[in-house]
Amino acid sequence: MKAPRSLKEVRSSLTAGDYNLIDLVRFYLDNIEQKSDLNAFLEVWKDEVLEQAEQVQSKIDAGTAGRLAGMVVGLKDNIVYKGHKVSASSKILEGFESLYSSTVTERLEAEDALFIGRLNCDEFAMGSSNENSAFGPVKNPHNPACVSGGSSGGSATAVAADMCLVSFGSDTGGSIRQPASFCGVVGLKPTYGRVSRHGLIAYASSMDQIGPFTHSVEDAALVLEVIAGKDNFDNTASTKVIDDYASFTPISNARIAVIEESLNSDGLDSEVKTAINTQIEKLRADGHTVEMVSFPYLDELVPCYNVLSNAEASSNLSRFDGMRYGYRSENAVDVPTTYSKSRTEGFGKEVKRRIMLGTFVLSTGYYDAYYSKAQKVRRLIQEKTDEILQDFDFILTPTSPHTAFKFGENSHDPVAMYLEDIYTVQANLAGIPGVSLPLYTHSNGMPFGLQLMANKFEEKKLLSFSKQIVG
Amino acid sequence: MSKEHEKYEAVIGLEIHAQMLTRSKAYSSDKNEYGAIPNTQVSPVTLAHPGTLPVFNRQLLDFAIKLGIACDCDIREVNEFARKNYFYGDLPKGYQITQDTTPICTGGKIVIEDIDGNPKEIALTRIHMEEDSGKSIHDQDPFNTLIDLNRAGVPLLEIVSEPDMINGTEAYNYLSEVRKLVRYLDICDGNMEEGSLRCDANISIKLKGDKKLGTKVEVKNMNSIRNVQRAIEYEIARQIECTESGEEIVHETRSFDAANGTTFSMRSKEDANDYRFFPEPDLQPVIIRENDIASIRKTMPKLPAELLDKYLNELGLSEYDAKIIVDSKSIALYFEELISHTKNYKGAANWLMGPVKGYLNELGIHISEFPISAQKIAELIALVDDDKVSNSVANQKIYPLLLKNPDKSPLDIAQENNWIQESNTAALGEFISAAIGKYPDKVEEYRNGKKGLMGLFMGEVMKLSKGKADPKLTSQLLRKELEG
Chain Z
2 MKAPRSLKEV RSSLTAGDYN LIDLVRFYLD NIEQKSDLNA FLEVWKDEVL EQAEQVQSKI
62 DAGTAGRLAG MVVGLKDNIV YKGHKVSASS KILEGFESLY SSTVTERLEA EDALFIGRLN
122 CDEFAMGSSN ENSAFGPVKN PHNPACVSGG SSGGSATAVA ADMCLVSFGS DTGGSIRQPA
182 SFCGVVGLKP TYGRVSRHGL IAYASSMDQI GPFTHSVEDA ALVLEVIAGK DNFDNTASTK
242 VIDDYASFTP ISNARIAVIE ESLNSDGLDS EVKTAINTQI EKLRADGHTV EMVSFPYLDE
302 LVPCYNVLSN AEASSNLSRF DGMRYGYRSE NAVDVPTTYS KSRTEGFGKE VKRRIMLGTF
362 VLSTGYYDAY YSKAQKVRRL IQEKTDEILQ DFDFILTPTS PHTAFKFGEN SHDPVAMYLE
422 DIYTVQANLA GIPGVSLPLY THSNGMPFGL QLMANKFEEK KLLSFSKQIV G
Chain Y
903 MSKEHEKYEA VIGLEIHAQM LTRSKAYSSD KNEYGAIPNT QVSPVTLAHP GTLPVFNRQL
963 LDFAIKLGIA CDCDIREVNE FARKNYFYGD LPKGYQITQD TTPICTGGKI VIEDIDGNPK
1023 EIALTRIHME EDSGKSIHDQ DPFNTLIDLN RAGVPLLEIV SEPDMINGTE AYNYLSEVRK
1083 LVRYLDICDG NMEEGSLRCD ANISIKLKGD KKLGTKVEVK NMNSIRNVQR AIEYEIARQI
1143 ECTESGEEIV HETRSFDAAN GTTFSMRSKE DANDYRFFPE PDLQPVIIRE NDIASIRKTM
1203 PKLPAELLDK YLNELGLSEY DAKIIVDSKS IALYFEELIS HTKNYKGAAN WLMGPVKGYL
1263 NELGIHISEF PISAQKIAEL IALVDDDKVS NSVANQKIYP LLLKNPDKSP LDIAQENNWI
1323 QESNTAALGE FISAAIGKYP DKVEEYRNGK KGLMGLFMGE VMKLSKGKAD PKLTSQLLRK
1383 ELEG
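These protein sequence lines map, in sequence, to chains Z and Y. The numbers in this note's numbering rise by one with no breaks, and the one at position 368 of the first sequence is 369. The numbers in this note's numbering rise by one with no breaks, and the one at position 147 of the second sequence is 1049.
All the pointers check out, no bait thrown in.
The calculated lysine to any residue pairs, modelled on SDA-like cross-linking and capped at a C-alpha distance of 25 Å, are:
1. Y:Lys1171 - Y:Thr1003
2. Z:Lys86 - Z:Tyr326
3. Y:Lys1245 - Y:Tyr1261
4. Z:Lys457 - Y:Gln1186
5. Z:Lys353 - Y:Asp992
6. Z:Lys385 - Y:Pro1183
7. Z:Lys457 - Y:Pro1183
8. Z:Lys353 - Y:Tyr1177
9. Z:Lys92 - Z:Tyr419
10. Z:Lys241 - Y:Gln1186
11. Y:Lys1037 - Z:Ser341
12. Z:Lys274 - Z:Val294
13. Z:Lys92 - Y:Tyr988
14. Z:Lys350 - Y:Tyr990
15. Z:Lys377 - Y:Tyr1177
16. Z:Lys86 - Y:Ser945
Rough simulated footprint, nothing fancy, chain Y against chain Z, three-plus residues with beta-carbon under 8 Å:
17. 89-97
18. 100-110
19. 202-213
20. 233-245
21. 304-317
22. 352-365
Rather than coming from a laboratory, the hints here were simulated on the basis of the structure. Small disclaimer: the values here were computed from a predicted structure and weren't measured. The beta-carbon is built from N, C-alpha and C at its ideal position, and this holds for glycine as well.
Whenever a hint applies, use it, and build me the whole structure from the sequences.
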C-alpha cells in the first residue's frame, strides 16, 4: 500500500475499493511497529482503533459517515481523551486516565476520525527537540541521528513517517511549526482562541493553541473546520463564526512582509536564507508584492516569551502535587514532603527549571522587573505586529534558522535551545495564526519549512495562500 | 476600664467572606449545596484534572452587583480575574481564582449604630469575587487529615471594610448589618456557625489623637458575631497590656479560642506566603455595562434601612418595634404583607410583636412555619377596629382557634361562637338601665365620688349581655347615665 497523502486520496481509494479502512489502519499499525525505534508513540490503541475502523467502514458503506471518516489520527500526549491514559510525557502523571474528552477529540470523533494512539512530546510541551520527554527522545524520520523538533516531536514524526495520516499537537512558542519544519510536514497553529483549549494540558494558557500536522494544506483546512469554534468549556475560545477554510479562494496581488531582521540574524543557516530569498523572488514573479519591514523586537521575543510562559507554567503545574492523582512519592511522610518529594521526583529537569524561573518572576520584589515588564513588551510586540498586518496580508519568515540538529547538540545550553523559537514565538505572543509549509530540502538531506503568518482569524486567507504556494 | 486603657483607642477593620447562594460553583457547573456527602460535588474541574478550565458563573456577577448597589459602591466596568498561588491540600489547582487589582466594587459604606446608638458610617474598601477552598478536617481521623472538596470552588464575595471601627460593639453591629443585608438580598444565608459567613478582624491600638497607627494583628476563627466582639475586646485589652508593659506588638495572625475567650498566635506575618498574584489567563475580563446594573437595580428588594425609615417616618411605629421588625427579613416581609391588607399599622405591629412573635417563641419556630396568613391577621385586626369584637376576645378567644384552624375566617369563628359584640345602643340601654336599677345605693355612692364602682356596673352589663357588650361603648353610655 502506498501511504496516502490526504483524506481525499484515502476516500477515493476506499471508494475505488483499493483497500478498506481496516486495511489502512493495519498499514499504519505495521508502520508504527516497524518504526518503533523512532519512539513517536507512547501508546497505541490497537484493538480499539481496529474495532472503530470496522464501525466507520460500515458507516462509509451505508453513506452515513462523517466528514473525517477515513482519517487516522494521532494525539499529542497532552490532549485528553476520555478513558485513556494521558501523561504530558511526564512521570508525574504516572497511571493517570482522563475522565473526560477534550473538545478537540470530541469534535474529531463526531466526524468519524479514528484515534490510533498518543504521541510522545517534550514533558508538558516544554522543549524544542523532544529530548525532555520522560519516555525518551523522538527521532527524526529523515535522519535518526537528528531530533524531531519539539515539543510536538512525536506528532511531527508520526505524520512524516506515515504512522497516521494526521496528528494533533499544541503550539505555545512554536511547538507545532518547528517540528513540522524539521520533519517536512505541514504544521498549523491557529489564532489564539480559534480552537478550544478544553482538555489540553496547560503549559502557558495565554499562548497555548492546538493545531494539526498534515501532509497537505487541504487536510489542515479540513480539520480546522471541524475543531475550531466557540466552546462553553473554554472562556477564551472565540465566539467568532468559523470559515469554510477548505474552500480555498485564489489570492492575487498579495502584500507580503518579510521581517528584515530575521534574514540578518546570526544563527541563520545560509541555505535557509537562500531558499527564502528565492521564494521571495518567485512570489514577486507571481505578481505579489514582497517588502522588507523592520521588526525591532526580534531580540526581545524569546526573553519576553520565556518570562510569561514560565510564569503561567509555574502556576498551571501547581495542580500536580501528588494529592489527588498521578505520581506520589513513596518517601513522602507528611503534607510538605508529599508536595516536595512528589514534585521533585515526578518532574523532569527542564520542567523544574521553568517552574522555578516562573515562580521567581512572579515573586514580590521581582514582579515589576520581570513579569510586568514582559507584559509591556508583549503589548509592544502585539502592536507592532498589528501595524505590519494592517499594511500586509502576510508575514513571511523561515520557520526555524536551520534544519533539525543532532541529539545533544543544544541540550547542554538551555539558552541556545530557547533561541530555536526565535521566528515562531511572535505568532504566540501576538495571538495570530502561523503555518509552516514543507517546501525545501537542505543539502544535508533534511527538510525545512517556510513560515507564513496572517492577521487574527484570517486562517482562510492564510491557508488559501499556503495552498497556492505549495501548489 | 482602667485609667491606662482610657489613653488608647482601637482601630478595627473587618474582612468578611460571604458564600454565595448561587446554584452552581463559581467556575464550574458543580452544584453549590451545603451538607452533601463529602466529595460528591466534584467534577474534573473542581478536582483540577489536567486540561480543565474555569467557566465563569454569571450569577455570581449579579450577586456582586446587588451587594454593590446595596452598599452604594462604585461598580467596575472591566473586571479581571487573578490567580493567588499557594499550596494546600484542600486547594486542588494550587491557586485560587480571585480579583486582585480590579475588584468589582470599590468604595461604598455600611451604616451602623455606634456604642451610644448614634448612626455611624463604616466605609468599604472593596468587594471582590473569588472561590472558596475545600475543607480540611483534622478531628475525625486520628492519623490523617481528611479533605472534602465539595466546598472547593464555591463562590465567595470578600467584603473589606476600612479600619473605621473603634470597639467590639461597632464590629458586632457592623457584622450584624452585613449579615442582615446579604439575607435581604438573598445572596448568602449568613450562617456563621456553618461558615457561610466568615470574618477576620484586623486590630491595632494607638494613643488617642495619634495619627500613627499601631502594629496590626489579624484575628481569625471566630464563628459567631458575638465571638467576633469577644475576640476584639480581648485583643484590644491584650495589646494595651503589652504596650503598657513595654512589649512590642508582633505583626502576626492570631486565632480566637472560644472556650476561654482569648487569642493565641498562629503565625508571624514574616512567614506569610508570597501569593504571586498575576492575571488569570483562562478567563476573559467580564464587562459590566450601565444597563446591566440598571436591570439588576430594578430587581432589588426593599433593604432594611429603607424599611426602617418607612416604619418610623411614614407608619409612625415606635423605634423599638420598627427595629425588631426590620431585623429579620422574613418578619419584615410578613409585616409588609400584613400592612398591604390593613391601614392600622400600629395595630399590625402590635399583633406581630405580641401574639405572633409570642407563638413563634413559644414553639421555637420560624415565621415561615407560622400557620396564619397575614391576610387573616389583618381580618382579625379589622374585627376589632370595627368594634365587632373586643381586643381581648380577638386575642384570647379567636386567635387560639385561628391557630388551630388557620383556614377559617376570623369573622366566621366569632359568629359561630356568638362573640360578635352588642353595639346596638338601644339594646345596650336596656342592660344599662337594668344594671343601674339593681344597685340604687351604689349609684348614690358613685355620684358621691366613688368612681371605682364603674367596674361593678360594667361587670353587670357584661353579665346581662353574656359578654357581648362593646366595652368602649358601654363605659361611655354608663358614664353618661350615672353622671347625668
